[in-house]
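Chains as they are written, first to last, in the numbering used here: chain S, 7 to 160; chain U, 27 to 416; chain C, 2 to 272.
Hints listed in this document are in silico derivations from the structure and should not be mistaken for laboratory results. Model, not experiment: these values are computed from the prediction. We treat Cβ as the ideally placed atom computed from N, Cα and C, and that holds for glycine. Don't take each hint at face value.
To be verified - A few chain S residues that face chain C, going by a derived Cβ cut-off under 7 angstroms, partial list only:
#1 H28
#2 I29
#3 H73
#4 G75
#5 Q80
#6 T81
#7 G85
#8 Q106
#9 P108
#10 M155
#11 Y156
What the hints assert, rightly or not - Now the stretches of chain C that chain S is said to cover, found in silico as 3 or more residues with beta-carbon under 8 angstroms:
#12 127–135
#13 170–181
#14 235–247
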Amino acid sequence: MIHTLEPIVREQPFFHGLEDRHIDLIAGCARNVRFDAGSILFHEGDPADHFYLIREGLVAVQTVVPHNGLTTLQTVGGGEVLGWSWLLSPHRWHFDARAQQPTRAIAFDGKCLRAKCDDDHDLGYAIYTRFTRIVAARLEATRLQLLDMYGKRG
Amino acid sequence: MTTESLHVGDTVTLKREHLEKLLQALAGRGYGVIGPTVRDGAIVLDRLTSTDDLPAGWTDEQAGGKYRLKPRKDRALFGYVVGPHSWKKFLYPPVQRLWQVARNGNGLRILPEEKPASPKYAFFGVRPCELHAMAIQDKVFLDGQFVDPGYKARRENLFLVAVNCSQPGGNCFCASMNTGPKADSGFDLALTELLQNGTHSFLVDVGSELGAEIMTEVPHQPAAETDIQQAARILSQAARHMGRRLDTAGIKDLLYRNYEHPQWDSVIERCLSCANCTMVCPTCFCTTVEDVTDLTGKHAERWRKWDSCFSVDFSYIHGGSVRATPRSRYRQWMIHKLAAWIDQFGVSGCVGCGRCITWCPVGIDITAEAAAIRQRDSVMAPPEQSKELA
Amino acid sequence: MLPAPYSIQRVRQETDDTFTLELLPEDSGREFSFAPGQFNMLYVFGVGEVPISISSAPGDLPLIKHTTREVGTVTRAMHQLKRGDVVGIRGPFGSCWPVQNAIGRDVVIVAGGIGLAPLRPALYRLMADREKFRKIVLLYGTRTPEDILYRRELEQWRGKFDLEIQVTVDRAASNWRGNVGVVTTMIPRAPFDPSNTFAMVCGPEVMMRFTVMELLNRGVAGDRIFLSAERNMKCGIGFCGHCQYGPTFVCKDGPVFSHNRIAAILGKSEI
Chain S
7 MIHTLEPIVR EQPFFHGLED RHIDLIAGCA RNVRFDAGSI LFHEGDPADH FYLIREGLVA
67 VQTVVPHNGL TTLQTVGGGE VLGWSWLLSP HRWHFDARAQ QPTRAIAFDG KCLRAKCDDD
127 HDLGYAIYTR FTRIVAARLE ATRLQLLDMY GKRG
Chain U
27 MTTESLHVGD TVTLKREHLE KLLQALAGRG YGVIGPTVRD GAIVLDRLTS TDDLPAGWTD
87 EQAGGKYRLK PRKDRALFGY VVGPHSWKKF LYPPVQRLWQ VARNGNGLRI LPEEKPASPK
147 YAFFGVRPCE LHAMAIQDKV FLDGQFVDPG YKARRENLFL VAVNCSQPGG NCFCASMNTG
207 PKADSGFDLA LTELLQNGTH SFLVDVGSEL GAEIMTEVPH QPAAETDIQQ AARILSQAAR
267 HMGRRLDTAG IKDLLYRNYE HPQWDSVIER CLSCANCTMV CPTCFCTTVE DVTDLTGKHA
327 ERWRKWDSCF SVDFSYIHGG SVRATPRSRY RQWMIHKLAA WIDQFGVSGC VGCGRCITWC
387 PVGIDITAEA AAIRQRDSVM APPEQSKELA
Chain C
2 MLPAPYSIQR VRQETDDTFT LELLPEDSGR EFSFAPGQFN MLYVFGVGEV PISISSAPGD
62 LPLIKHTTRE VGTVTRAMHQ LKRGDVVGIR GPFGSCWPVQ NAIGRDVVIV AGGIGLAPLR
122 PALYRLMADR EKFRKIVLLY GTRTPEDILY RRELEQWRGK FDLEIQVTVD RAASNWRGNV
182 GVVTTMIPRA PFDPSNTFAM VCGPEVMMRF TVMELLNRGV AGDRIFLSAE RNMKCGIGFC
242 GHCQYGPTFV CKDGPVFSHN RIAAILGKSE I
């Protein structure tokens, strides 16, 4: 595999602080992708073997709610990471994801990266600590959303 | 007897039988004299027509949640301390009209209150703690960006006859707050009552030019050295026999770092949020407003009324009160009084008069609450409240 | 202080529960000026007074605008008023957004819900001297797309004044193609340099607390973060005691506070 994405991976804030050999391993699982506005990244229930680092654009995490139709729960934009189901079995997506705008991203092969983490636990540790932070931030944001801060009770 | 002009800083002796002349001199200059008098089993503040109206031969017994009048063995005129009224009743009345407005068609015409013939009050029998309380309220209503015109007018025309306290009350702690038992300044005249060897007289300190002018008209003698020493002895003894004590060392920061002290949970088992303390406190100044209309809908008025931070909707903003629990409201009152006031106005809000202790139906004692917090400073309720399994 | 009569020029419905009054003084010679962040006490005949931030451009004077939600007796009565009706105005009161401290810096404005209303005069002030400031970023969050205030103006500002504007909603309608998520999620990636940034924040207290956390996490200095607080007010001039917030009076020490001044009490329960 040609590691032309190595410099791009290196410059992403998400991967700051990683050793060079780990950057190489990760870049080896990466490829550039593009989505037109309206196109689907993944469906609820699909095997989750990827995650995305959005470079530019906007992706909506959605689910179908009876009587409401397709509902956007959160959006993920440039500089943000989308997807952690690849880390946790049974490795299936829990939600839909749809590009709201033309979107450029780096797609990472989760199966490939999972195998590399099994072989190199230092890499595994580096990946898991970064994803833990993402999940925590997403959880906090979701809790604030639940609070309904702007509701009538101010 | 002497009729030489007196000056600020002079001390003279006034005989009991001539005290009436002082009241007459004030009335003669158009002052409405207000002072202590007995009514409904308490010593309250009301118009005095003569010295006969004063509580001669009465004293008060005050404790937590307790106030009783008892007869004295002597005929002292000022042998008690403070009652449920404070002078704020006259300087910042409980009910004040702010303005009236008339509606004609779409338009509004605002009618300001006419400058009332500002009442000229002479407060007779103001205790040193009360002089400090007045000075504190001056900071609120006169020293900020906005000045209350009514308070200013009533305050400017005021003549103050202070009375030093020879016998502190059961809830008094002015010595802790540096507000008594002796008046140092802020008065026109200050009296110390002397009853000894069958004589009844007053040592009078002249505190202002106007005080000097008025006192010159009243029969008096130069103060005898023995009288001066007797007064000094009485007052220094009084300072050592206060009913209560408040340790004010670092109290501001002490309270600021103890917002979550368990003592708040303890006091709230007793506090009824009845607001008595704020009504009797001489420095509490909170008010609310009430807008009223007449039946035609063409005339409206805005009235200002005394309010209390203990009321449930005092801190109400869209949807709920910020201080919804009585615990938070007691905490607000006490931390404001003893700590935040210092940041806001440069002095403590408490003058040590003890009224809040006397008139609290359950006898909560602000000095004891502060001491309890100080004793276990920065004690947090344990974060983990799990119990060991046996 | 007595209210001055102002007549309603226009009542603009902003959202289903939020409206803006545009007002001119009856006395055309009346001197009135204000600084962004200040508020007036608005009086409705026979009903009462409420404090409302001024949300117009200083350049619009003598016209002033007040945007408010219908949340109680007075605002409900206010919402029934029509063009030509008269209200009373006392003010302006309170502290202002210290926009001059932002000169030469990046400016980040984080608004939540109706919190954009007290910030709008500050935005106008920034735009009036655009070249004095570096990047200007507005992050605006509301409950739903229907609650977005000043939509047309947001578009104008985006186009005309080199402002980076990002809008997000907590809850999306099915036809919303924009950001969904709380406004705080936009802070980590917003294009400003934390080492040289001045921030102004206004919205529900919870939102302001978490916004401040995110700004501090990114390295914005605490003494360059300003918030606008809100408390019950009966007088607006420091006499009634209702607006106390810790040792401060929101009517005269605020409503705009630097973060450092209220850091110790921000987030403390029932203060």
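Hint-by-hint comparison with the structure:
1. H28: 23 angstroms, violated
2. I29: Constraint on I29 (chain S) not satisfied, violated at 21 angstroms.
3. H73: 11 angstroms, violated
4. G75: 5 angstroms, holds
5. Q80: 5 angstroms, holds
6. T81: T81 (chain S) check passes; min Cβ-Cβ to chain C is 5 angstroms, inside 7 angstroms.
7. G85: Hint on G85 (chain S): holds, closest Cβ of chain C at ~4 angstroms, below 7 angstroms.
8. Q106: 5 angstroms, holds
9. P108: Hint on P108 (chain S): violated, closest Cβ of chain C at ~12 angstroms, above 7 angstroms.
10. M155: 5 angstroms, holds
11. Y156: 4 angstroms, holds
12. 127–135: violated (count 0)
13. 170–181: holds (count 9)
14. 235–247: Answer violated; 0 residues pass the 8 angstroms Cβ test.
In terms of the numbered hints stated before, the structure departs from hints 1, 2, 3, 9, 12, 14, listed from lowest to highest.
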